[in-house]
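S.K.: What follows is the residue order along each chain.
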Amino acid sequence: MKKKTVGALVVFTLALTGCASGTATPPPSVSRDDLLVTTPAAAGELDLATWNLPFGEPASLDPIKAFNYPENTVVANLCEGLMQLQPDYTIEPNLAEKVESPDASTYVYTIRQGVEFWDGETMTADDVLYSLNRQLDPDEGSYWAGGVVDNIESIEKTGDWEVTVTLVEPDSTFNSYMVTPIGTVVQQAFRENAGEAFGTPAGGVMCTGPYSLGEWDQGQSISLMRNDSYWNTERAAKTAEVVINFIVDSAAIANALNTGAIDGSYDVPLGALSTLQNSSEGSLLLGKSLQLVAIIGTGNGAFADPAVRQALMLATDREAIAATVFEGTAEASRSLIPADGWAYGADEFEAAREELAPTSVDIEAAKTALEAATVDITQPIKIVYPSERTYYADIISEIANGARAIGLTVEPEGIPSAQFGAFFSDPEAREGHDAFVTNNYMDVPDPLAFLRTIMGTGGSQNYNGYSNPEVDELLSAAAAASDEGERADILNDVQDIAMTDLPWIPIVDPSVRLFMNDRVTGVPASFVYLYYPWAADLGASE
Amino acid sequence: MKRFAARMGPIGIVAVVIVAIVVFGAVLAPLIAPYDPTIGSVTQRYLGPSLEHLLGTDQAGRDIFSRLLWGARSSLVGPLIVVSITAVVGTALALTSVWWGGFVDSAISRVLDLLFAFPNLLLAVLAISVFGASLTTAAIALSIAYIPYTARVIRSTALRERNLPYIRSPQLQGISGLVITARHLLPNVAPLIVTGATINFGFAMIELAALSFLGLGVQPPDADWGLMVSSGQQSLISGYPAESILAGLCIVITVASLGYIGERLGGRSAAGRKA
Amino acid sequence: MFVVRRLLALVGVLFASSFLVFSAMYAAPGSPENFLVQGRTVTPEVLAAIREQYSLDDPFFVRFWNWLTNVLQGDFGQSLTNRQPVGELLAARLPTTLTLVLLAAIIIAVLGIGLGIAAGVRDGILDKVVLLGSSLGFAVPTFFAALLLMSIFSVGLGWFPVFGSGEGFFDRIWHLALPALALALPSAAVVARITRTAIREERDSEHSVMATARGVPARIVLKRHVVRNSMLPVSTIVGVHIAGLIAGSFVVEYAFTLDGLGTLLVGAVQRKDFAVVQAIAIILVAGFGIINLLVDLLYKAIDPRVGTKQES
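Chains as they are written, first to last, in this note's numbering: chain A, 1 to 542; chain B, 1 to 275; chain C, 1 to 312.
Hints listed in this document are in silico derivations from the structure and should not be mistaken for laboratory results. One thing to keep in mind: the hints can contain errors.
Residues from chain C that face chain B, not an exhaustive set, calculated with beta carbons under 8 angstroms [stated by the list, open to error]:
{"#": "1", "residue": "Val13"}
{"#": "2", "residue": "Ser17"}
{"#": "3", "residue": "Phe19"}
{"#": "4", "residue": "Leu98"}
{"#": "5", "residue": "Leu136"}
{"#": "6", "residue": "Phe138"}
{"#": "7", "residue": "Ala139"}
{"#": "8", "residue": "Val140"}
{"#": "9", "residue": "Phe143"}
{"#": "10", "residue": "Leu232"}
{"#": "11", "residue": "Val251"}
{"#": "12", "residue": "Val269"}
{"#": "13", "residue": "Gln270"}
{"#": "14", "residue": "Phe288"}
{"#": "15", "residue": "Gly289"}
From the derived model, a few chain B residues whose C-beta atoms are all more than 12 angstroms from chain C [as the list claims (entries may be wrong)]:
{"#": "16", "residue": "Phe103"}
{"#": "17", "residue": "Pro170"}
{"#": "18", "residue": "Pro191"}
Note that the structure is a prediction, hence the values are computed from the model and not measured. Note that beta-carbon positions come from the ideal geometry of N, C-alpha and C, so glycine has one too.
Assemble the whole structure, with the sequences as input and the hints as a guide.
M.R.: Put into structure tokens, the structure is as follows:
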């Protein structure tokens, strides 16, 4: 009897494998012009909508600790900044009525009156002062410390409804950071009262946003309740309650969205794409993004040689990666600056982009580039990735193919996701490894802000000790330039150096992958959901 | 040979053949696998079965048939390490305990009790956190978890034997304990060790596969059946179940065959009892 | 007396194992504050502040002592990742794991013993099916069973939910049905097998045959002799497997994305969230120990002749 069963099993198995015969045709690549900025506006209100955070549960809802996908996606709806990023990347005054900048080192904010916290207390300039100063207080341990915050010399209350920020060095991009938690306002009294528990399920938060914090059911969900006394009546929330889940498993996410158990999600996992593209429950939409998938060098091994990096980039079929691993929802990277990653100087940036090397594979050019290498190229190059995210393994495997064609050896090395994060903050963790992957994003749509962190000496994302005096000078000049066209030109020069020195190898520019059930609509499709109250736009389709 | 065949019975023969195929596949993988199991191009992903790729390709474009063959290696080596260490150390501890008795016996028993109280997986997770995730670490951690079970069984049997004349007599004559243990005691517990090893092999295979499934054992892109079930989950959702299902079936068929063989060898229904 | 002795031994084991766990976490490479921030850079000052806050720079024994004294007062410390009291964190997740293990235990007992008795008592098709099923069933890894069940019943047929553990009694059972089944399957197969064998042996045993020869009705022979006497080895096996469920639940929780202790543990170990790992380890060891104790007590209750397990 066992033989028969084994036989039946074999037949069953072959039948299964037969299900997937033929080459999987990758869906046609979406062109940049087709990427969305918004989705159709909501037609009506809803009582309840459910959403998902594919990167897991927020560790805290305290804005100064909100510094990554899960936290920011939630906090953006609860707490507000002095300025607000719009879906089309423009920046509008928000909790500040207006901002005046007599010079690039001074920013004077006129605070809006008549804004209430959820508990009914009025927001005052003192609350603003307190919130901004939290960034500078080492005891608060803000994750936003360093970088831009280090450049703040003082924050002072210069009037009943006026706060002035003075910088150490001139920086024309400073104001755009007021859309991030650097500029977010919380209630001073509440925060002082809550102490350690602030931002945790026990302590909660107290902000001014279109939603307030409802129940936080750990490990399961957070619910956002509509703030009916929100100061901006034109932008009041359309859904009374939004329940946000934390499913990270891509199969579970696909199933939940496909069965309508969850109404929508940003950052839909790559593994779920084929299921959701054909879903009858809703649609998969692609939006303009500020994201970049890149390989970051640690300064060790053969990867430390720029010639090797050039060669690898030219030899890797990045277009194939965009077409297969990302199933056409990404574009091979032309530059270290993600496509459309700017809110000014569009003409200048577009033009310079066209001058850069094309993204197609060029083995001959790769081999030529490799000749300039001075390191021992026989040593294998180990690229580290978070082992749970298998799509990285596929990407590195493709890089390995390209490497093989030019005589280099590249090997993937998986590390548990929980420990992978250490690569970004612990130099010791990076020892013994040559490179690691990143799914990075621009905080604000300003190439200066982004390039500064990667290529500036001592930049917060400068992991391989890259230091180029010419670059530093250009960056300072750009920061001081008040004319946007001029700033863009200077940054194009930095871009050229970036694509020659390649401190990071840019692989693809992913688009925003948004899934919405047919019954809901309204949320922005562009990459603003970390700092823009997207849930307030969520409503009924009809 | 004939006696062996008779003992196995017709189904047992099939089981032995299956195990033999798996072992041969594993040993000969470098020679007979058509492709390198870790190399593939994403442009070749999810191809169906064909003459070039007997069982198709996975999400990274790697040949599934080659991966199953190479995967047999790690799926067999791991349990082999576990079973060997467990048998050797467990038997040694048990026999030492029985021979010396008294304080030594108590001490060893206390340590084993402590190990008993530890759920296997917890031990493995902790060991892996200290030494890093790999097949070797997982195998060693699991061996440590299995030793108490083997030691206990061997100990009970050895205790019974210890006081029998054929052991006592040479002892009184002054022959060294080591010789007596090796010459007389060991052969009598040997069948128990073998049966236990066969059964533990199956369990070890499943638990190691589970550890790889959790990301704590074999690391990608190496081929391993447990790992393939886990990494194939994505593909399953996308509509390409081949990798997960085939790898899972390999595990089931191999472990079931081993269990059946162990049962026939042991004479009793041994399936499930950790010897 | 026996019970008291065992409980004392359990306390000793708990102490020793918590020391072991603490040492392991201490020896593991990497430092927890670096695992806190996932993939974004923080300044060294922030990291130093975190170390300060959680006394991560204190010497080993000081930290262990502090932890121990706190635990004895009921304070399990704070999670590094969530900045929350560990007690709360665990309390939120314990019900899921407990329900899962309980459901699986019931399935193992009912399905395993039931099928085993049915197969052992009469020959025929059912016997053959159970024999085959159990030979294959025990070889199916829990995670594979989970995958198959999920793809057939959740995704394919949509009869069961795909994620989460549900709210309210019945909803929770509905959500945990498939995971519990996946968890129970291999063990149920083993139990069915052992039960069948035990029943058969008893059936053929001297005193059963004698009883039938004496004219005692078959049904009474069954109940009084066969089933009752086979319960001894059967209950041992059931007990051993239920104890093993606790650890097995990790895999199922991972596969079905349940918010139980298992997923929390694996993540906490990787992030070196000391307090959480310690607390869960204690729960696991204690749970394991208590279940084993209960099994031994049951063993003694069924057959008072049997002494404690340790002596041979």
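S.K.: Any of the earlier hints contradicted here, and which numbers?
M.R.: 3, 4 and 10
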